[in-house]
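Chains L, X and W: place on chain Y using the hints.
Residue numbers (the working numbering), protein chains in the order written: chain Y, 1 to 418; chain L, 1001 to 1418; chain X, 2001 to 2418; chain W, 3001 to 3418.
The set of hints was computed from the structure by calculation and includes no laboratory data.
Hints may be right or wrong, so weigh each one.
A few chain X residues facing chain W, derived, Cβ under 7 Å [unchecked claim]:
#: 1; residue: L2217
#: 2; residue: S2250
#: 3; residue: G2359
#: 4; residue: R2416
#: 5; residue: I2418
Taking lysine-lysine pairs in the BS3-like style, the calculated list, with each CA pair at most 25 Å apart, reads [what the hints assert, rightly or not]:
#: 6; chain 1: Y; residue 1: K270; chain 2: W; residue 2: K3068
#: 7; chain 1: X; residue 1: K2123; chain 2: X; residue 2: K2068
#: 8; chain 1: Y; residue 1: K99; chain 2: W; residue 2: K3068
#: 9; chain 1: X; residue 1: K2270; chain 2: L; residue 2: K1270
#: 10; chain 1: W; residue 1: K3123; chain 2: Y; residue 2: K99
#: 11; chain 1: L; residue 1: K1099; chain 2: X; residue 2: K2123
#: 12; chain 1: L; residue 1: K1099; chain 2: X; residue 2: K2270
#: 13; chain 1: W; residue 1: K3123; chain 2: W; residue 2: K3068
#: 14; chain 1: L; residue 1: K1068; chain 2: L; residue 2: K1123
#: 15; chain 1: Y; residue 1: K123; chain 2: Y; residue 2: K68
Now the in silico label distances, taken between C-beta atoms and shown as ranges [unchecked claim]:
#: 16; chain 1: W; residue 1: K3099; chain 2: L; residue 2: P1166; range: 39 to 47 Å
#: 17; chain 1: L; residue 1: S1203; chain 2: Y; residue 2: D187; range: 35 to 43 Å
#: 18; chain 1: X; residue 1: P2212; chain 2: Y; residue 2: V257; range: 37 to 45 Å
#: 19; chain 1: Y; residue 1: H214; chain 2: L; residue 2: A1190; range: 15 to 23 Å
#: 20; chain 1: X; residue 1: A2032; chain 2: L; residue 2: T1079; range: 19 to 27 Å
#: 21; chain 1: L; residue 1: M1044; chain 2: Y; residue 2: A113; range: 26 to 34 Å
#: 22; chain 1: Y; residue 1: E268; chain 2: L; residue 2: T1079; range: 23 to 31 Å
#: 23; chain 1: Y; residue 1: H214; chain 2: L; residue 2: G1201; range: 54 to 62 Å
#: 24; chain 1: W; residue 1: E3268; chain 2: Y; residue 2: V257; range: 36 to 44 Å
For every residue, glycine included, the Cβ atom is placed at its ideal position computed from N, Cα and C.
In case you want the letters, here they are:
Number of protein chains: 4
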Amino acid sequence: MLDMQETAEPGSLATLTQRLVATRAHSLDLTAPLTPEDMVVQPMEDASPTKWHLAHVTWFFETFVLAKYLPGYRVFDETFNYCFNSYYETQGPRQPRPKRGVLSRPSTDRVLAYRAHVDDGLKALCACLGEQAAVVAPLLEVGINHEQQHQELLLTDVLALLAANPLRPAYSSAPLGAQADTALTADWVAFDGGIHRVGHGGSGFAWDNETPCHDALVHPFQLADRLVTKAEWLAFMADGAYDAPLLWLSDGWATVVREGWRAPLYWEEKDGVWLTMSLQGLNPVDPRAPVTHVSYYEADAFARWAGARLPTEFEWEVAAASQETGQPGGQAVSQAPRLRQLFGHAWQWTQSAYLPYPGYRPPAGALGEYNGKFMVSQQVLRGSSFATPEGHSRATYRNFFYPHQRWQFTGVRLAREI
Amino acid sequence: MLDMQETAEPGSLATLTQRLVATRAHSLDLTAPLTPEDMVVQPMEDASPTKWHLAHVTWFFETFVLAKYLPGYRVFDETFNYCFNSYYETQGPRQPRPKRGVLSRPSTDRVLAYRAHVDDGLKALCACLGEQAAVVAPLLEVGINHEQQHQELLLTDVLALLAANPLRPAYSSAPLGAQADTALTADWVAFDGGIHRVGHGGSGFAWDNETPCHDALVHPFQLADRLVTKAEWLAFMADGAYDAPLLWLSDGWATVVREGWRAPLYWEEKDGVWLTMSLQGLNPVDPRAPVTHVSYYEADAFARWAGARLPTEFEWEVAAASQETGQPGGQAVSQAPRLRQLFGHAWQWTQSAYLPYPGYRPPAGALGEYNGKFMVSQQVLRGSSFATPEGHSRATYRNFFYPHQRWQFTGVRLAREI
Amino acid sequence: MLDMQETAEPGSLATLTQRLVATRAHSLDLTAPLTPEDMVVQPMEDASPTKWHLAHVTWFFETFVLAKYLPGYRVFDETFNYCFNSYYETQGPRQPRPKRGVLSRPSTDRVLAYRAHVDDGLKALCACLGEQAAVVAPLLEVGINHEQQHQELLLTDVLALLAANPLRPAYSSAPLGAQADTALTADWVAFDGGIHRVGHGGSGFAWDNETPCHDALVHPFQLADRLVTKAEWLAFMADGAYDAPLLWLSDGWATVVREGWRAPLYWEEKDGVWLTMSLQGLNPVDPRAPVTHVSYYEADAFARWAGARLPTEFEWEVAAASQETGQPGGQAVSQAPRLRQLFGHAWQWTQSAYLPYPGYRPPAGALGEYNGKFMVSQQVLRGSSFATPEGHSRATYRNFFYPHQRWQFTGVRLAREI
Amino acid sequence: MLDMQETAEPGSLATLTQRLVATRAHSLDLTAPLTPEDMVVQPMEDASPTKWHLAHVTWFFETFVLAKYLPGYRVFDETFNYCFNSYYETQGPRQPRPKRGVLSRPSTDRVLAYRAHVDDGLKALCACLGEQAAVVAPLLEVGINHEQQHQELLLTDVLALLAANPLRPAYSSAPLGAQADTALTADWVAFDGGIHRVGHGGSGFAWDNETPCHDALVHPFQLADRLVTKAEWLAFMADGAYDAPLLWLSDGWATVVREGWRAPLYWEEKDGVWLTMSLQGLNPVDPRAPVTHVSYYEADAFARWAGARLPTEFEWEVAAASQETGQPGGQAVSQAPRLRQLFGHAWQWTQSAYLPYPGYRPPAGALGEYNGKFMVSQQVLRGSSFATPEGHSRATYRNFFYPHQRWQFTGVRLAREI
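This is chain Y alone, in the form it adopts within the complex (with noise of 0.2 Å):
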């Protein structure tokens, strides 16, 4: 029985094992320019430590892969669970979130032993699947793309790593980051109204969250042709947006007081210039690229500055789907401008709280939490990001954070009624 949405290809099976190995791979890679003090500390309580990434989507692997379908799998340290356990309660009790980082043992060492042993468990499995597969492949599949989503984390939490230095140390000289937009100004898209399937209904694979595919009616709208640039919101910023309460939702405003907020997150002044901390260390804030690390509050404030608001997670995904198949899906006129910065930049705020589709069944069995029990005070984020791994973009990719929460790569995409 499939856990989450996918379907099993014949003759896929050798490249779903290629794409295991590699995206195992790519974990580590990504590690690369850290100390092994890097990677143990946790810089804020929604931040884990890297090492802590790389044994938790391990310990995924070995959980609810390995030591249900491999015949006699040895569990590497049965005090791991309780370590690398993230949320799960069938699973039993776990270290407390924020609690991650006083885990110096076991050590990067041990944890590195730890995912080569279920590297190798995951390599013996995939070599005698035979009527497994069907079963297997997709929990395989989940544990890939659970993985991506982690491997995203493990930037995100390592930038909040190295903003919470007072050094400010970059993680890497190569351009890591949303990138800049050769337009000065955006234009608007229109999209007609209409009932649009909506959600995840072909192959490939998906999350729970992102189905049933379901018919949804979506009023005519517009969207901007690319992401808020860091120059807009400096305009933003100057107009005294962060002393101006009338701008903001009242939960917004509240936050904005009580923390202090002035920019985005990772942005300071100095001597006049605004300069922003990425994973290519501090340096003065580039006008063209799209502004990043917003709450849904800035995002929200700053569409009603500009006249605008935020899109629903529907006019996105509608949106998004007309540019992907390159067919008006949306209806728009072929001629129009065509939608820049989707994905690969930064996340984009939706006005969508995240919340069930209709008709919509949590998986069976543990898996079922991985989605559903989230589904409430938190908002739909669309697109991805720079930090997102190739190939875990797609249209109906449902994102979601709280609206007070900026240590995501995230930023925003203008709408407006027609």
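Coordinates of chains L, X and W only, in the frame set by chain Y:
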């Protein structure tokens, strides 16, 4: 220009004045069982003192109506703007909400004098409206509805006060509360899907958050014909629900653990018997009465336990509208059991987040802060409670609270897919 | 057996009864300017409502005297033990201190009836003491002194209430507060060192924490002949003291930063003028009056700024005793300027921690909780304030508060080495 | 000018240099069992990472010695002042204490290079002291003693780290901890009262808070000849002490309830057996070993339960001095049992608050912040623990912690009146 959605009908001015006078008087009637000491205490941050409610609604009329439209009106006391402004940033700084209970002064007597002063002003204004009627009448309507909301809050907060008192005093010996239903088991009523008009579009008053009237796509669904009872809640408790993390949303379970919830608010066990504190004092649980004082988290967990879910706000509205018209607006088969307890018992949590309708615009001016700035992180409740004043309920009404809040008269109606 | 240190002198019973009646009446006199609403509100966790004070001191007499020694005494209301027990673990559970302000019931009227009931009991008891006198008289004395303490707290807490009110109402137009001294500059009075008897050893009432009387070695010292004035405090502020971490104890500076302290409690700046809220309302600072409402942290920082220090409690006691006797008990040269403002102006912080005297034993029984269990983390204050009732001051009296607290009538007298 | 109390003896420079080198080397020795990851983690706010300790003591030498007295000294890294300043306001802003654990950079390697750089500087300085010796030697002595303090803290904080780890790893297999005493029952040793010289007055190093040496009046007392054992603590627990409010100071009981204390820190019950986490890992309680990791509140409650009390700091000092000299300085009868476990087992809570001695003056300059600014709300501990470096103990030594703290190696010695 209308601040809220209201059609000023010809000849209705006398009626309006009459309703105004009656509403103002009713607020005082509600305080009859209370001592001056009861009226000043703030039992919890969410709740406000009775005296504050009495003064705030008066300040609302003074500030938004009399000061603007009654020539020569003299503000009763300039210091009251600070004391009794609730959350209007346009009206300047104000007594912090958690500190409303320190306002032993102005005294109750002075607040009563304030009310009389403003009542006089309102009568004078109504007597000479003339051409202003088109502008002022809708504002008076807003003020009436605003005061009605506070009449419910007043009772809600009085219960919080009396329940916090170790003597568990009663407000009244009259049966004030959600009334028992005769049916031991609930029946399901089915409704067809389709595109429905939702939101307020007709005549009569509505809040801005009920607009604009628009099309919504509703999928086929069923609603329980009555509210969840206390007997059913006792079964939920007896089944270990407050110890079963898998029944709960993640935030909900964290709240259960942190707050030590074992039952709805105001329930206490004594010698093995469950009692509930209500406006009639502390009494044994009435198994046939609707459960009240449950949070969204609890409502959601109950629904999951029951193999059902909470309705969306549009399902609720479509179903309620079909009952009102007597027509199968929701395509309820006319012979099917009717929905009971829609209004006048308990507010009903929906699984819809409180968000703006498509094309929503907050009113211009200060009243733009009334509803719009709260549109994040809260859930919509539909219907009305026994404490909702006569004439204040309708099918399109949107109440909203945070998912953890349970000091309101909140209950549960189940829904499910067909 | 005596619970507190008291010598029952022959023939003093009539006097005791008279004092008892007068003390009980005085508590009510203090409430004359207050409304029932004033009397129920708790403005901060440390402060208690007036009504609670009135009831608690009554409960004290009922519980520790009448219930034990008046034959046939009927407890007024069994529920009051929960409501009005302050902190006596032996007397069972109680209303949590921070929630005393939710007790709108029992009403003020009922509390007044409670007082009358207990007063009747006390009179009946005094009328028939007989052989019990040796046991009961000391308890009555404790009750009188306990009520006197609460008379001061009542005024202290009323000021906290009125100061928390945006209307800044006055309690009285009479000059209630620490009175100005005529001397612009303070003089130093020198005292010789040596072994001195300290603590209470004579006749008359004293609290257990003043005993046993014992020898203490005091080194030569000087005391300022008057309290620090508000003019001096303004100079301290003008010198940037609230921005100068090196002046402060580490805990003190952390408190200054966290709480944003810029001046003593109840001071506010308006158009460049410093005002203070007092029982007479909000008035310009009187430069010649003793500063009050300062924490130990502030007193200590002020002393450091002034090149002095705070006195130890024994220095203070030795000096005060020398003034009382007119003899150079502390070897004060008889021609030297006398110490002024020892009593009746403001409690004076000492650098002594509140600890048990050598050989201290708390009284047996419930009253053993009265003083002893607070002997950690607090500082001793000596003297008395303008709010201390007549007859409640003496040189051996030990008051105590936490170093951050400043809602009491606390002031500063400087000391230094010779 | 001497910052701390130190007599520079002729010919001692070589010894000083030797001790300096040995002390610096010992710090590194202590880290041998630790991984780089162990060394970066901050397990709780009170504790600091190992790496931070290593760097901070180095910064101390660099800032207060090398930068001032070694000509041409080059500061290793200007950013380290921010990272490794502990609490010196004179040295500018610093990494907040609760955030020391986010400093994954500078890396351990770089900190080790920092140590080598400063060690080189110190050697160069010692080689050419000349006339500066009178000034510099005392500062080097301060630096040595400062580093010794951090050696103890390093072990204390390592235990906190390992105890916070669900794997409960051991630091060492060697018997590191307070050692068992052979006597099943403690004996009382009596000391006469009288005026004694207390505080540091002789040669050798002492902290400023041990001065000035002065007369103190001590009343006759008795001390237990050994520390309270874990067997005795188990009896205290078995007698319900953690459920008996009357045994506790009021603040202590509030802490017991709030924190859920049932036993000393690091104790855990497993299958009915009490285990303690120590540097040797998790092992069954050794009944004969001194109890450690108890707060002042617990020490005080234990003493009350045992019908005794805690000693004052002067009682402890007088008694210890009498043992050192072999003379009955405290008039201990020479035949009486000697006091055991004074040093090298566990710090011993006293009932004395940490306050300045009569005539105390903090050192001039930055080191004036070393001890003086903490003189409020803390209790003095005397003796030393097994983790205290060789040569760092003496009878006049004053350690100090807040009454709720128990992550230090703190134990209990009883006292009582004669």
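Now the hints, each set against the structure:
1. L2217: holds (4 Å)
2. S2250: Constraint on X/S2250 satisfied, holds at 4 Å.
3. G2359: holds (6 Å)
4. R2416: Violated. Min distance 10 Å.
5. I2418: violated (10 Å)
6. Y/K270 x W/K3068: Judged against 25 Å, a Cα distance of about 30 Å means the pair is violated.
7. X/K2123 x X/K2068: holds (15 Å)
8. Y/K99 x W/K3068: Given that 25 Å is the threshold and the Cα spacing comes to 41 Å, the pair is violated.
9. X/K2270 x L/K1270: violated (55 Å)
10. W/K3123 x Y/K99: Violated, at about 42 Å.
11. L/K1099 x X/K2123: Since the Cα atoms of L/K1099 and X/K2123 sit roughly 42 Å apart, the hinted pair is violated (cutoff 25 Å).
12. L/K1099 x X/K2270: holds (22 Å)
13. W/K3123 x W/K3068: The given pair, whose Cα atoms are some 15 Å apart, holds under the 25 Å limit.
14. L/K1068 x L/K1123: Within the cut-off at roughly 15 Å; holds.
15. Y/K123 x Y/K68: With Cα atoms ~15 Å apart, Y/K123 and Y/K68 stay inside 25 Å; holds.
16. W/K3099 x L/P1166: 39 to 47 Å: With a Cβ separation near 43 Å, W/K3099 and L/P1166 satisfy 39 to 47 Å, so the hint holds.
17. L/S1203 x Y/D187: 35 to 43 Å: Because 41 Å falls inside the window, the suggested range holds.
18. X/P2212 x Y/V257: 37 to 45 Å: Hint violated: Cβ distance 55 Å, outside 37 to 45 Å.
19. Y/H214 x L/A1190: 15 to 23 Å: Check passed, 19 Å falls within 15 to 23 Å.
20. X/A2032 x L/T1079: 19 to 27 Å: holds (24 Å)
21. L/M1044 x Y/A113: 26 to 34 Å: Violated: the Cβ-Cβ distance is about 53 Å, outside 26 to 34 Å.
22. Y/E268 x L/T1079: 23 to 31 Å: Violated - the Cβ-Cβ distance for Y/E268 and L/T1079, about 41 Å, lies outside 23 to 31 Å.
23. Y/H214 x L/G1201: 54 to 62 Å: violated (26 Å)
24. W/E3268 x Y/V257: 36 to 44 Å: holds (43 Å)
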